[in-house]
Amino acid sequence: ANCYGSGTNPVNTIGVPGNVYYRTDTGSCFVKKSDNTWTDANQTLTTIQRSSIVTNEPTAQGGYRPPLVNINQANANATCNAMVDSTYGAKRLLRKREFTAAAGFAKYQGEPNYLDDTAIATLETGSTTGAHTSLYQCNSSNHTGITAGAFKSTKLAGDAGDAVKSFTIGSLETSNCVSRFGAQDMVGNVWEWNSDQAYCNSSASAISTPYSLGAYACIGTASAIDSGNGYSSGFDMNGFMFDGFQGPGGSNLVSEWNFQDLNFSANYFNVPMALPLVGNDNGNAIGIAANSAKLHGDRFWLYTGNGSSRGLFSGGNWYNGSNNGRWTTNWSNSPSNAINHLGFRCALPAE
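Take 36 as the starting number for the sequence shown in my numbering and just add one per residue.
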């Protein structure tokens, strides 16, 4: 950011067009437009304006780049699209199966930085003494051991007393919360939008439009923001049913649970999509009870009672503790939601 402050949005008398303003108490980013007005990142922006609020170099100009939050699923993806590689094209949000793969820790003996399941669970929870002063664990327990000061006096994205409790991008304090592929903070810190979507029927009666669904059921849909998510691969969400037969559902399902709890007869687990299943998918799913240690206490959210469209986010945030993890999956919000502990990560498609 070119400038930052707390307690109020930027006034039009400060800054010049192209500047970015970061509000520490809400985690919101604003762009100064050519008409000398400020607009936050969750409003309509041009591609050039969106590209000005992101960086591939978190340490440039002194670092301290906070995660970009308070942005809905479509605007998060549009921000990714604003970054274009000359070879691979525009970036986009990760799909769930890509997130699941990219977030994996080094769990095989012989890999650099190998961790067994107990060590992974401890790392993801981030509540050990010295979690962020010597162990550099994931930020899952309100930045354990770090006292917030003024923005830039610590690597926290907020000031003392602010509701925002994330660390800045690439911070030393979470530097061991890194996947086998070098991706930091995919667990904890802030939730991350994926491009996957679903539609839920919150009614006690079956519906026929816009999808054929029984009572209190959801269906994975082709993504409205990512045309390749839901059409090209059987591993995507399109057509997956949360109906009590394929996935958990029915009986007014409005709930959340840890995978190992086996709620709603969800006794099996689809690894690529981190989905609880009722059946074993013709032998393609693993049994949860026999593999509970590998799921590290991760949690699943599905709120059909909210009705309408659902947008997926993953990984957890700064306060979910042991519920955070690689497999943690949240279907509780509309794609239009924007909150201070929900951000995103961009990727270049390699397929």
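Think of the hints as simulated: they come from the structure by calculation, not from any bench.
Only a predicted model underlies this, so the values are computations on that prediction, with no experimental measurement involved.
Where hints are given, some of them may not hold.
Unchecked claim - Derived DEER-like restraints, expressed as beta-carbon distance ranges:
#: 1; residue 1: S240; residue 2: G145; range: 52 to 58 Å
#: 2; residue 1: D296; residue 2: G145; range: 31 to 37 Å
#: 3; residue 1: E146; residue 2: V289; range: 48 to 54 Å
#: 4; residue 1: V51; residue 2: I374; range: 26 to 32 Å
#: 5; residue 1: T79; residue 2: G342; range: 22 to 28 Å
#: 6; residue 1: A325; residue 2: S286; range: 23 to 29 Å
Virtual Cβ for every residue (Gly too), placed ideally from N, Cα, C.
Hints versus structure:
1. The beta-carbon spacing between S240 and G145, approximately 55 Å, falls within the hinted interval of 52 to 58 Å.
2. Under the hint 31 to 37 Å, the C-beta atoms of D296 and G145, about 33 Å apart, fit the expected range.
3. Checked against the hint of 48 to 54 Å, the C-beta distance between E146 and V289 comes to roughly 40 Å, which is inconsistent with it.
4. Hint check: V51 to I374, Cβ distance near 30 Å, so the stated range 26 to 32 Å holds.
5. Between T79 and G342 the Cβ separation comes to about 27 Å, which falls inside the hinted range of 22 to 28 Å.
6. Taken as a hint, the range 23 to 29 Å holds for the pair A325 and S286, whose Cβ atoms sit roughly 26 Å apart.
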